[in-house]
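A.B. asks: One-letter residues, chain by chain:
There are 2 protein chains.
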Amino acid sequence: MPKLLILSSEIEEYRNRIQQANLANLEFTDQLDDCDIVLGEPRVIREKLPQLPYVKWIQSMYAGVEALMDPSFRHDYILTNARGVFGELMSEYVFGYLLAHEKKIFKRQQAQQDKKYDRFESGWLRGKTLGLLGVGSIGAHLAGMAKHFGMNVHGFTRGSETSTHVDRYFHPLESDSLLSNQQELAPALQSFASELDYLVVVLPRTEGTNQIVDADLLNALPSHAVLVNVGRGNAVDEPALVDALTQGKIASAVLDVTAQEPLPEDHPFWTTPNLLLTFHTSAISYPEDITRLFIENYHLYVEGKPLKYLVDFERGY
Amino acid sequence: MPKLLILSSEIEEYRNRIQQANLANLEFTDQLDDCDIVLGEPRVIREKLPQLPYVKWIQSMYAGVEALMDPSFRHDYILTNARGVFGELMSEYVFGYLLAHEKKIFKRQQAQQDKKYDRFESGWLRGKTLGLLGVGSIGAHLAGMAKHFGMNVHGFTRGSETSTHVDRYFHPLESDSLLSNQQELAPALQSFASELDYLVVVLPRTEGTNQIVDADLLNALPSHAVLVNVGRGNAVDEPALVDALTQGKIASAVLDVTAQEPLPEDHPFWTTPNLLLTFHTSAISYPEDITRLFIENYHLYVEGKPLKYLVDFERGY
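Line by line, the protein sequences give chains A and B. Residues in the first sequence are numbered from 2 upward in steps of one, following my numbering. Residues in the second sequence are numbered from 2 upward in steps of one, following my numbering.
Any given hint could turn out to be false.
A pair counts as met if it fits within one copy or between any two copies, since identical chains are not told apart.
With a straight-line Cα cutoff of 25 Å, these simulated DSS-like cross-link-like pairs (lysine-lysine) come out [stated by the list, open to error]: (1) K116 - K306; (2) K105 - K116; (3) K250 - K117; (4) K148 - K129; (5) K250 - K306.
Keep in mind that the hints were calculated from the coordinates and are not lab data.
Please put together the full structure from these sequences, using the hints given.
C.D. replies: Dropping the structure here:
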């Protein structure tokens, strides 16, 4: 009989939601040494990992599972993450900030405060080109929304060309390599970057994504381009971004994530021109969404079928 | 042989674009008394209306044609307006401000300026209800975009239920009446308003739309609701809106249009709390779009077929 341990600050809500689903045979436990299934937050799970002798399947409540990836940790269980639920939330965030840029809403608010009836023109997403650095399930959802706004969509990915909403795919030159090699990546990435109006980074934190948005990539972007990072802070070379914004090499940047969170008080990002910080709020794991996904996988688990949203420990996501 | 007069501040651009289309038999003229077709801006056309003896068809470059509606003006020609081209532009504006509200982007910018790493939660369009006051071609486009964001869409219209993206339609009680009667309208409108998170006004200026958004309607909206007006300023009872915002009866308002434009320097809107002004910039008549539409109608005109985007002088739009 499967026994589930929930490791989260929202245990009660998850337990209630799962109980309402009346899953055949599922028992709840609060004992670490008595469960075969864990549903939880990666950082909470990490602390308990050595004390889970019988765990066979862990369902992460988050998309990012880097907390469980350290090669020194055990990887003798099936890990699945939260996927397919953040696309629509991330779309609201990304298109909110893209439209804020085109509609110049901060500048318009200033005109109002200055009591100036100033009819400067808006820009438009229609016809612009959005580049997705990373085309997983979130990237694919962003691509679909971009098409609704009449945008061109370019995608840079190591993976296969699974989203039909991406008009043009770019790949690293050595597409078989899982670990990145900046020297090899650079030409393909720069050619990808040079045609973009918006670069949206949707990468997981892995060794291969460290500082992939570096000075070369920022230089390759047109000077009117806007960078948005909703993936992980490790993807951006932060001093290079401060330089690019200060020198006007790109128009602006919207960062939901930073290398260090919370952002240190003395970090230059607080006052870098044309930089907007949103403090890791672009998407949230809602128990309603995560429970749906857990139940979907639970049925597969009890039937002995392959689970969905599998994490590849070697790839790191 | 059809002769076209262009009455616009962008004559050259329109002429070049139309010439590139090589329309059979079309001649250009700059003589008022020598044309049967006029393509132009309604306010420019109004001045010339008495001096156009042979005009048969006028294609407006704008959606709003109230400048030509005065009952004392001649109406012995076919008037078509610009339709179907503003929906996607208006969608960018409307969803830009809806998302700015949900993502709290002004409050987040303030947190950054205050150097506070404050992770207050965003709201979401997903699951919210958008009410369209007016469901013409712009309203229908907004409805479609709202569905992409997972919203419920309610529509209030005198017309027929033509948009499949509207989940629920509301109509005035006396649906045959063309002129509004506030006493009759009120109950249906208030029931429409009471369930909304967002009320977007997309009405033309007619006698029937004067001050349709009055104190009663604003009172009927939930206190967290947001009003957006991208139609015409006449639709809003402006002192009532100042009261509603000042007293927190609704959460905020975004006005692209006002009764008087430019907004007078001493107008209370400049400093009304939670009111954003955007100075009639939500959509623009781009020659590329308007030329496409003119050519479409020109072919129908020379073939003697009914034109598209016909304005009904009695209805006023």
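A.B. asks: Now look at each hint and say whether the structure bears it out.
C.D. replies: Each hint, compared with the structure:
1. K116 - K306: Classified as neither; 64 Å inside a copy, 49 Å across copies.
2. K105 - K116: both (16 Å within a copy, 23 Å between copies)
3. K250 - K117: Neither way: K250 and K117 sit 30 Å apart in one copy and 27 Å across, limit 25 Å.
4. K148 - K129: Both. Shortest intra-copy (10 Å) and inter-copy (22 Å) distances satisfy the 25 Å Cα cut-off.
5. K250 - K306: neither (51 Å within a copy, 54 Å between copies)
Taken one by one, the earlier hints fail for this structure at numbers 1, 3, 5, listed in ascending order.
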